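Just need the whole structure built from these sequences, with the hints factored in.
Protein sequence lines correspond, in order, to chains B and G. Going by this note's numbering, the final residue of the first sequence carries number 577, and the count climbs one at a time with no gaps. Going by this note's numbering, the final residue of the second sequence carries number 479, and the count climbs one at a time with no gaps.
I should point out that these hints are in silico values taken from the structure, not numbers from a laboratory. All values derive from a computational prediction rather than experimental measurement. Honestly, I wouldn't trust all of these hints.
Derived pair list, reagent style DSS-like, types lysine-lysine, alpha-carbon separation capped at 30 Å [stated by the list, open to error]: (1) Lys307/B - Lys340/B; (2) Lys132/B - Lys324/G; (3) Lys488/B - Lys471/G; (4) Lys417/B - Lys431/B; (5) Lys197/B - Lys415/B; (6) Lys414/B - Lys266/B; (7) Lys132/B - Lys386/G; (8) Lys414/G - Lys442/G; (9) Lys414/G - Lys132/B; (10) Lys324/G - Lys488/B; (11) Lys340/B - Lys266/B; (12) Lys471/G - Lys414/G; (13) Lys266/B - Lys338/B; (14) Lys415/B - Lys404/B.
If you want the footprint, here are the derived chain B segments under chain G, 3+ residues with CB under 8 Å [unchecked claim]: (15) 469–476; (16) 480–489.
By construction, the Cβ of each residue, glycine as well, lies at the ideal position given by its N, Cα and C atoms.
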Amino acid sequence: MKLRDLSDLAFRNLREAVLRNSLTTLGVAVGVASLVAMLSLGVGLQQLATSRLAKSGLFDSIFVTPKTNLRGPGSGPPATRAPDAKARLLDADARAEISRMPNVVEVYPQIRFFTEVRYDGKPYATMVAGMPESSKASGAFDGMQGSFFSSTNADEAILQVEFAKELNTQTSSLIGKDLVLRYAERQSLTTQTGDVVANPGGFSVVPKEKRFRIIGVVETEPASGFGGFGSGRLLIPLPIAETLRAAQVNDLRDILRDSSSDKATYSSLTVRVKSPSLVEATEKKLKDLGFSAFSLLDASKSLRIFFSVFDLLLGIFGSLALAVATLGIINTLVMAILERRREIGVLKALGAADRDVKQLFFVEAGVMGLFGGIFGTLLGWLIGRSLTLGTNIYLHRQNLPGVDISSVPWWLIAGGIGFAVLVSLVAGLYPASRAARLDPVQALRYE
Amino acid sequence: MTELPPAIRLESVSRQYTMGESVIRAVNDVSLTVPSGEFLALLGSSGSGKSTLLNLIAGLDRPSSGAVVANGQDLSKMSSLELARYRRQTVGMVFQSFNLLPRMTLEENVELPLRLAEVDRSERAARVREALQRVGLEKRIGHRPSELSGGEQQRTAIARALVNRPKILLADEPTGNLDSATGEAILTLLREIQKTGMTIVMVTHERTLAERFADRLAVMGDGKLLSNGAAR
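Following this line, the structure appears as structure tokens:
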């Protein structure tokens with residue numbers, strides 16, 4: 131029989147016992163809904179966790195330090211180390227070279243320095259941090275007061291809320307006001323004739339001032355990798371921070387290491403790559419270039435493993451209801467064989483092959499699975515949304531920002547419906563082959 | 248009249264069942280030939296094996312031994328798929344209890360064999376109408392079986408049996424559920440169909456009707472063929 135005729139007959143048969151078949155289909159729908167809801171929760175939580183971590187920049191970043199750096203991981207005290215021929219200085223040339231490497235999105239130094247801020251005629255001591263443009267996407271600036279830097283070289287500042295409260299308890303009134311940054315500029319030592327000293331082994335520090343406009347107040351500084359000296363409480367665009375050439379704590383070590391030339395050198399650089407999967411290869415290349423490099427990739431790997439196991443367990447629990455629904459399909463179809471015994475006999479007498487009868491029952495099972503799958507996926511999505519809504523109401527009451535804990539990606543929709551059809555077809559195997567094997571002579575005698 | 252090859256040839260056909268330890272010989276060594284275009288009535292009391300023999304000719308059952316040759320094909324050598332095709336294309340069946348599907352209209356009931364034979368959809372409506380016209384029910388095309396009399400239902404069943412243009416029409420007690428006048432009308436219809444060249448084998452226990460309408464009577468008893476001769 132052609133598929134169109136088969137489905138025609140199948141739909142007719144399903145309509146005949148509409149209540150029973152609807153209940154069976156509903157059973158499949160509930161099974162699929164529980165599976166989809168569980169998995170959407172798993173996927174949602176995973177996305178929530180990984181997106182937060184990905185936004186933080188921890189998993190697509192590599193932290194590069196010079197090989198001789200005292201803070202290089204696991205390399206023992208400097209006295210025990212043999213000089214490394216390949217070791218290179220982490221200077222502007224190195225930064226440019228790293229920027230040109232494939233898959234590298236961004237290379238930036240960590241700039242943090244102590245400063246005195248003058249606001250409304252009063253001095254405040256605080257820590258300034260340079261923010262790369264990419265930190266805007268880190269999520270830390272979501273829901274901030276005011277706005278992010280208008281451009282990478284704007285003389286604008288964002289204040290951390292605790293610091294802002296020191297300036298004015300009404301933090302929103304600070305936005306649009308100006309403050310003055312007083313900082314120590316690092317300058318190369320010069321001879322009396324004005325020439326730059328060839329190998330100075332030191333530098334001078336000159337007090338400077340710069341005016342900034344407050345454009346925002348933020349809860350916390352975004353996590354910006356390792357090597358920070360506590361949180362920055364006054365955030366300015368990184369390119370601006372670099373032009374200030376403010377003396378940093380690390381600079382003192384430069385004198386000891388005798389590496390303080392007039393060229394800008396960095397104690398560390400943060401290298402961001404396109405995706406976490408590229409971290410490992412890029413990290414190796416950086417090491418080959420003669421730098422120390424490390425990343426938090428392993429932590430991200432174990433997170434992925436955790437969520438795979440988590441999804442598997444949720445899937446198993448979700449599938450239990452579907453397994454029960456499978457029994458419902460088998461029961462319904464076996465009942466249908468008993469009821470339609472005579473009809474099967476007539477079909478065979480009129481020339482239906484065993485295969486035709488088998489296919490008819492298969493299509494009926496498949497149709498119940500398809501409708502159950504579609505309805506169940508919708509129901510599962512609704513359950514997920516309700517859970518998110520409930521969670522957000524709870525979080526809102528706790529004064530916490532809302533999160534999306536469930537997610538139904540397209541593969542879950544397709545998978546939910548496909549799995550329902552597959553399971554229904556498997557459930558239809560036994561009834562279909564039993565119907566196909568029915569002896570027409572016996573079936574026609576049956577009253 | 249030119250001699251046509253026989254439509255049906257039974258060669259020492261036996262069909263036996265085992266029930267527990269006893270063996271029941273429903274059909275026991277029956278040999279019979281039905282020429283093309285003949286109307287044969289299979290007579291016998293209940294349990295004589297006449298319906299079993301009809302099922303063997305219909306390809307619904309297989310003989311335990313012997314050969315059933317219909318339209319030149321040996322049914323005992325056919326696969327189940329080939330037998331299904333034989334039932335679709337070579338034979339049409341009519342039953343005592345009509346066996347129409349109650350939730351389908353006459354049109355849909357008659358269309359069913361066309362669906363099974365995968366006849367093109369565009370061709371089906373005309374074929375159904377033609378078959379229903381032949382039994383005089385074209386005006387009831389949209390009715391359901393429950394809205395028809397017994398005679399009309401049996402005529403619908405005949406239309407369904409004819410729609411695939413078979414060579415052989417097999418009828419199992421076609422008048423068994425009908426009053427005598429309606430029964431006669433059905434047999435008159437079968438006789439008219441026979442005139443178009445159809446071979447008809449009818450199982451019945453009504454000897455008088457069989458003698459009036461059939462060309463030949465074959466009488467069975469205890470699974471054996473007791474007599475085989477011209478009806479009139």
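Taking the hints in turn, this is what the structure says about them:
Distance restraint check for lysine 307/B and lysine 340/B: the Cα-Cα separation of roughly 14 Å lies within the 30 Å cut-off, and the hinted pair is therefore satisfied. Of the supplied pair hints, the one linking lysine 132/B and lysine 324/G holds, its CA atoms being roughly 27 Å apart against a limit of 30 Å. Simply put, lysine 488/B and lysine 471/G have alpha-carbon atoms about 37 Å apart, too far for the 30 Å limit, and the pair is violated. Taking the CA atoms of lysine 417/B and lysine 431/B, the gap is about 21 Å. The hint holds against a cut of 30 Å.
Between lysine 197/B and lysine 415/B, the direct Cα distance comes to roughly 14 Å. Compliance with the 30 Å bound is thereby established for this hinted pair. Only pairs whose Cα atoms come within 30 Å are accepted, and lysine 414/B paired with lysine 266/B is accepted, the gap being roughly 28 Å. With a C-alpha separation of about 29 Å, the suggested pairing of lysine 132/B with lysine 386/G holds against the 30 Å cut-off. As the CA atoms of lysine 414/G and lysine 442/G are separated by approximately 12 Å, the hinted pair is consistent with the 30 Å bound.
Distance hint between lysine 414/G and lysine 132/B is fulfilled; the C-alpha atoms sit about 24 Å from each other, no more than 30 Å. At roughly 23 Å between alpha-carbon atoms, lysine 324/G and lysine 488/B fall within 30 Å of each other, so this suggested pair holds. With a C-alpha separation of about 23 Å, the suggested pairing of lysine 340/B with lysine 266/B holds against the 30 Å cut-off. In summary, the hint linking lysine 471/G to lysine 414/G is supported, as the alpha carbons are separated by about 26 Å, within the 30 Å threshold.
Proposed proximity of lysine 266/B and lysine 338/B is supported: the alpha carbons are some 28 Å apart, at most 30 Å. Restraint check for lysine 415/B and lysine 404/B: satisfied, since their Cα atoms lie roughly 15 Å apart, inside the 30 Å limit. Only when three residues or more bring their CB closer than 8 Å to a CB of chain G does the claim for the region 469–476 of chain B stand; here the count is 4, and the claim holds. Chain G is given as covering the region 480–489 of chain B, and this holds because 7 residues of the stretch bring a CB closer than 8 Å to a CB of that chain, at least three being needed.
In terms of the numbered hints stated before, the structure departs from hint 3 and from no other.
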